[in-house]
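Trainee: Here is how the chains run, residue by residue.
2 protein chains.
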Amino acid sequence: MSIAASNSNANAPTQLLRGARETYAYRRVGGGIRRPLICLQHFTGTLDNWDLAVVDPLASEREVILFDNAGVGRSTGTVPTTVAEMASHTLDFLDALCVTSCDVLGFSLGGMVAQEMATTRPSIVHRMILVGTAPRGGEDIMHLDKPSLAAHLGDPSLKGYAVLQKIFFAPTSSSQAAGAAFIERLGERGEDLDPPSGPNVAAAQMAAFREWERVTATGAADLGRITQPALVVNGVRDEMIPVRNSYRLSEGLPNAMLLVYPDSGHGSLFQFHDSFTRQGAAFLGSDSPFAPF
Amino acid sequence: MSIAASNSNANAPTQLLRGARETYAYRRVGGGIRRPLICLQHFTGTLDNWDLAVVDPLASEREVILFDNAGVGRSTGTVPTTVAEMASHTLDFLDALCVTSCDVLGFSLGGMVAQEMATTRPSIVHRMILVGTAPRGGEDIMHLDKPSLAAHLGDPSLKGYAVLQKIFFAPTSSSQAAGAAFIERLGERGEDLDPPSGPNVAAAQMAAFREWERVTATGAADLGRITQPALVVNGVRDEMIPVRNSYRLSEGLPNAMLLVYPDSGHGSLFQFHDSFTRQGAAFLGSDSPFAPF
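Line by line, the protein sequences give chains U and B.
Residue 904 is where the first sequence starts when you use this note's numbering, and the numbers rise one by one after that.
Residue 904 is where the second sequence starts when you use this note's numbering, and the numbers rise one by one after that.
Everything labelled a hint here was simulated from the structure, so no lab data went into it.
Here the structure is a predicted model, which means the values were calculated and not measured.
A hint or two may mislead.
Claimed, not checked - Computed spacing ranges between beta-carbons, pair by pair:
(1) Val1002/B with Pro916/U: 38 to 44 angstroms
(2) Leu1047/U with Lys1049/B: 39 to 45 angstroms
(3) Arg938/B with Thr981/U: 56 to 62 angstroms
(4) Arg1117/B with Pro1099/U: 28 to 34 angstroms
(5) Leu1061/U with Asp1177/B: 42 to 48 angstroms
Here a beta-carbon is modelled for each residue, glycine too, at the ideal position from N, C-alpha and C.
Same shape as in the complex, but just chain U (with noise of 0.2 angstroms):
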């Protein structure tokens, strides 16, 4: 590769990969001994998204990659309309990069594909952390057309990522304060950057979260099928995928720890940034075949 390594996510390039059925956009921050973190994103989140608070503190003991998935930011393809589909082109993105063993940090959306990964493929997942998201048949998952979130993405008066401030951070002052800084930072990469996702790319998503939110009848056992170390995060006031979601997923996986933050929505690890890094390296450090850490 010609292309320079960077420590952060405000100047690291954006690659292109060809896999089996498309081309994925990515990039590579940071570096170590360390297996890769595989970052997966929110609904709607591309490249851009990811905050450098979070990105750059995990990327200075191990190669942090972001990544964009089909039809999202400059990736070729259709938006899947399925968690399953979602992980199917994760697979063939690491497939793509040679990447036969991984950590995985999935955000909300990505926290589903997450698990659906260490489901179909346990052997490329070493460890997990799950932030804001939900097991399937998971209850309450991204239902924007609720009060508590529709006011806020209705308010003809939130430009841009103002209203992403409102969702993702809890209604307070301290929590809103958070939430200013991370649209501030999301601000430091000037160039370079991803197309913002459009309607098409909503609806999908959506439809997958639909899907992932019906139960099956073998939701629960594939809870307990995931063996793999993993640490599950929440804001404790998350409005977009409530924390009861994230107290099933501790109580299902047989081998997680819980970690939930108070005064903070969705955006939990952005609005506690030091505190998630902290643990989350500790977490992704440790040679236990056991979550504690």
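Chain U is fixed; fit chain B onto it per the hints.
Mentor: For chain B alone, kept in the frame of chain U given last:
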């Protein structure tokens, strides 16, 4: 003081201190520049029930003070039948010791006493670790007659601490092995032992659980008034005080971080003592006004 310092609950001498109403038995372990950590014990537990794998690592950076409440172990007086009265005795003890600010580790019943102390005299409680406990008005608190517990408590083949291994640990081979190791560690202290608690201690403390389980008009409001940073910890399979009580603490306390361990019951802190003391020390050592660390 002529009594030599000890770095382990295996041999720290038991001391007696005259308070306003009673004489209290206690032990001081370790030392350091940080404020002391007061440890408040579980149902029928004495100074000898504090696992040195939990106490000793925490005592490496601070003084850890183990305490027998009124009527327990070698402390004089009658065992109170309310958590409020137990908190009152704990404050008497700290007053006699001239401690005006401390951290508190409250396990099970001790976690309820810690909440009551933080409510009645907020100035004395700096940070709290609440393990395997419940808020006032919590659910299914210490119902020893339910089948999952009664089966062990009524088993004549289980002698001495063997019953503790069954009810403090989950019914998996890994958790039971951790329980056996815990019981073995309790045996490392060979002399200067507290008398075991008798039926009168159990009856009074059980009355306190029943009183604590009652919802009062101000119950939820009291939780919201506890603004000290708190670390709430539980085992996901706690049968004695189920984990949903820890969810309620995390949801109700405005400044609490929740940490739930897999494959463990009421005694999660003993099972995962390496992780618990690492996390606990990091939490107690934080200079932030917020719980996340």
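Trainee: Could you see if the CB distance from Arg938/B to Thr981/U stays within 56 to 62 angstroms?
Mentor: holds (59 angstroms)
Trainee: Between the beta carbons of Val1002/B and Pro916/U, is the distance compatible with 38 to 44 angstroms?
Mentor: violated (57 angstroms)
Trainee: Please check whether Leu1061/U and Asp1177/B have a Cβ separation lying inside 42 to 48 angstroms.
Mentor: Hint holds: Cβ distance 46 angstroms, inside 42 to 48 angstroms.
Trainee: Taking the beta carbons of Arg1117/B and Pro1099/U, is their distance inside 28 to 34 angstroms?
Mentor: violated (54 angstroms)
Trainee: Falls inside 39 to 45 angstroms, the C-beta gap from Leu1047/U to Lys1049/B?
Mentor: Check passed, 42 angstroms falls within 39 to 45 angstroms.
When the structure is compared with the earlier hints, violations turn up for hints 1, 4 and for no others.
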